[in-house]
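Trainee: As numbered in numbering that gives the first Met the number 0, the sequence shown has no gaps in its residue numbers, which increase by one up to the final residue, 303.
For the record, the hints were derived by calculation from the structure and aren't laboratory data. All C-beta atoms in this analysis are idealised placements derived from N, C-alpha and C, irrespective of residue type, glycine included. Just to be clear, a hint being listed does not mean it is correct.
[As the list claims (entries may be wrong)] Straight-line Cα separation of at most 20 Å, EDC-like style, residue types lysine to aspartate or glutamate; simulated pairs: (1) Lys-237 to Glu-264; (2) Lys-237 to Asp-101; (3) Lys-237 to Glu-128; (4) Lys-237 to Glu-108.
[Unchecked claim] Across the chosen pairs, the derived CB separations fall in these ranges: (5) Ala-69 to Ser-24: 28 to 34 Å; (6) Asp-215 to Ala-137: 38 to 44 Å; (7) Gly-223 to Arg-263: 21 to 27 Å; (8) Ser-68 to Val-21: 17 to 23 Å; (9) Thr-253 to Gln-20: 31 to 37 Å; (10) Ala-270 to Gly-172: 42 to 48 Å; (11) Ala-270 to Leu-111: 26 to 32 Å; (12) Glu-125 to Gln-20: 35 to 41 Å.
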Amino acid sequence: MTILRQPTRAGVRDAAAKLAQVVPSTPLFLHEINGIDIAFKAECLQPIGSFKLRGAWHRLTAIAPESRSAGVVAFSSGNHAQGVAWAARRLGMPAVIVMPTDAPAVKREATLALGAEIVSYDRATESRERLAAQLAAARGAVLVPSFDDSWVIEGQGSAAIEAAAQMAATRLGPPSHLVIPCGGGGLAAGCALALPEAQVTVVEPEGWDDMRRSLDAGWIEPVGETPPNTACDSLMTKRVSPLTFDVLSRRGVTGIAVSEAAIREAQRWAATRLRLVVEPGGAVALAAVLSGQVAPTAGMLVIL
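Using the sequences and the accompanying hints, generate a full structural model.
Mentor: Written as structure tokens, this is what we have:
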């Protein structure tokens, strides 16, 4: 059962303090684009390859120790799955992950290797939310959404707390503009809470840009009935949540949609210039900058 409460900046700071005790900060890379030094936060170098362990750790550690034996249930195509499995294993909790049958094999195998149980579903005909809720109710487990949860949002925002401290130690100073990949908006919402003075731009793949369209419209706009194929499996969210939308809309966040070609080029750039292997979903923010859709500015922070 998800307890309804609003995410807060204080909660983000608390999450950052908790995470500092279990995982080292991810590196910050500096690289010049159009004569301007840009900071890149390499969340792709987390133990599971993405920022998702941040929200999972903050959420699972908020569960009372006496309630942890029933475990947790989550739904994900791979990154949140691994984050929940990683956190659950460290806390000695059972984890069940509802994953689509077309989830990347490497993410499925990594989730299993972390000790989680996987329940498969058909993305086209079944509701992952309904299946996960049924499993959680049957087992008495805690349901851990990938973005529609205040603890998860706060945990993801710890990436911005870390990056701000790292940038402050350089000539760049504090971040003034965050460019962030967006699926359900948990990372973006958490970072927006963490750094309330910074401009925030969220980036999604074309055809899956429901957050961009929602922010433009002023209400939640789901993805169309027949969205295009995308390499960004981690960003294939058909409808954002009121929780993330509310945080981002109140902050005046804007959105950008990038093409598959721009995403591939960003992956190549990251590999050759930063020596980083970045999955498609992690490369969309970089794609927006390289393509000129977001102009490089001093103090810019791009999350990979």
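Trainee: Okay, which hints does this one fail, numbers in order?
Mentor: 1, 4, 10
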